[in-house]
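Student: Residue numbers (the working numbering): 148 to 745.
Bear in mind the hints are in silico, worked out from the structure with no lab data behind them.
For clarity, every value in this text was computed on a predicted model and none was experimentally measured.
The beta carbon of each residue, even a glycine, is placed where N, CA and C say it ideally should be.
Please note that the accuracy of each hint is not assured.
[What the hints assert, rightly or not] Label pairs and their calculated CB-CB ranges:
#1 Q370 to S250: 19 to 29 Å
#2 S544 to S250: 49 to 59 Å
#3 Q195 to K716: 23 to 33 Å
#4 Q370 to Q259: 50 to 60 Å
#5 A682 to R496: 17 to 27 Å
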Amino acid sequence: MSPQPHGLPHDFAFDERQLEGWKTNQILADIRVDKWGDFDIVCSSINQHFPDAEASKAIRLLKHALRSINKNTTSMPMQLYTDRFITFLDKKPTKDRFLSAFSRVMDKMAIQGAVDHAKAKNELKADLVGTLLVGNALNKQAQNAMGGNTISSSSASMSTNANHPPSDDNDANDVIRKGTIEVISNANTGHSPEDDNDDVDECAGNMTTKSTIEKAAIEIYEQYTQGSPISSAERSIMSSGLSGILDFVDANEDGQRLLFGAPQWMKMRAQYEHAFKEILTFARPSHLDEALTHIIHLCERSKEAAARAYLTKAMEANDVDEDSMMGLRLVLQLFDSLTIHHTMLDPLRRIQPTEYDVAFKLWLPLFDRLFAGTCISTRIAETSNTFTAINKRAMYSNDHHHPVAFKIDIRFVHNCHHTSKMIDVAAAEAALDGSANDKTINDNAKLLREGKDILDKLLNTSLEQHAANAMMGVVIQLDGFQGEVSSIHLDQDGLYVALPRQRLQYPRSAASLRRFSDTMDALLALKDQLCSISATISNQMDLYKDKRASLGSKHARPATAISPHHLTKRQRATWYSPPRNDPSLSCLPPLSLPSKED
């Protein structure tokens, strides 16, 4: 029995464009995953694409396609399925069944070839015989005409009309022309009856939020590709709308908020904040609250040495809980950084610190301290998310220049002990304190798409529904000594919702430690959320490993396939800036992405 497609929609099929982007042969294109085990269908496709292939080469071609899909996909369910299918093909009974099916297909094609040959031969004979008969009839008619047996033009006309009754050619042409226009129109809009049903369900006859942001994005995109200059705000509307992102982080009146009335905008934000209200919250333990209050009081009285002594004593207490210990360690890290970099932090300093000075010397040590001892680590110096890089290469596969993915200042990655790979769980982008609004808006638009890709990868890693429900994309925008944590969620209607969560503030001296109080809570909430996501990833990886080497499958008693989570069909592609930022090279993403494969 062929392996079960755990976590995959049974009707999912790769299209030719996606396989071509991966430089994979097309033999599995447009074949549903639950039909891959039907070797009559697969062998027919192999014969169609490789008519000269023999049986041994045919099975190698199928394995090559599966390995290529496994290598390129970011979908863990698809990786699991292709892994198990390759193992399934290596079994002798499977090979025998494949060879038998391939033989049937070849016999069928041979018979069909003979039939086609005979048919062509008969048609040729019919053409020759018909030509001779027509020639004889014409000769006879000519002889009769020469003998005076002429046919009047009126008789010929009546005969013609008798054989071909009059018809309303204009009406017929109108019908044909009308049908053609309807077909072309539907092809150009990519609309189908199923899309109509979805629209009715989602918006009950009214324009949906998603269609509103997409329509505005496409209008700006047309200007962009024609070479017309667009503002940072317009580019943000375009990039977010083309990626299906509803951006509540940027509340400027020239952002997406412009597309809705103020009451509707506030109502939508309240609705989504309620839907995702249990995200990134933290209740400060009493031990930590008491210690922090006392330390702040000492610092504000310029007694930093006494504050350090009290901090050490609080950390050595026997009854200190884990959250309190981590909070106190963050305060200790803050004290150390303020001491080490006091010259850089001097507000009267003539040369102000750069964005990377602040990001990597002040914020980064806090992040590293926060996730010490966990499966999460940081990656810096503008590295790229592998998932984003693969998707952008696929989108611009026909371009001669190698497309480059987003360069992210700080990436937070889960270190997977199963595969020795890294899975991004959050991203941070840094800017100089007091940067221009344009850079802030551009960084936000870039971060939101990166956060969406993080969420898509996490959803592709999820085999089970409860795991998918726990996933979100987390992004941090740093602007000098302040910052903001935001989250991206995928709702039931296929809309990626970006919500601002917590503000971050970094004090320039111990005397202003009070401003760090809420930031500490935000960082501890961030740790809890990302560690929870990390644990879910590990759980799904364990399940993946169990299913990959299932004992039941070894005994030909496979378990029931795990149903795909309901967000699988809600995912959609991300719009990426074209290579060399050349608008003429830009590609629009498809309107929907059933299960974005890597």
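Student: What hints, given by number in increasing order, does this structure fail?
Tutor: 1, 2 and 5
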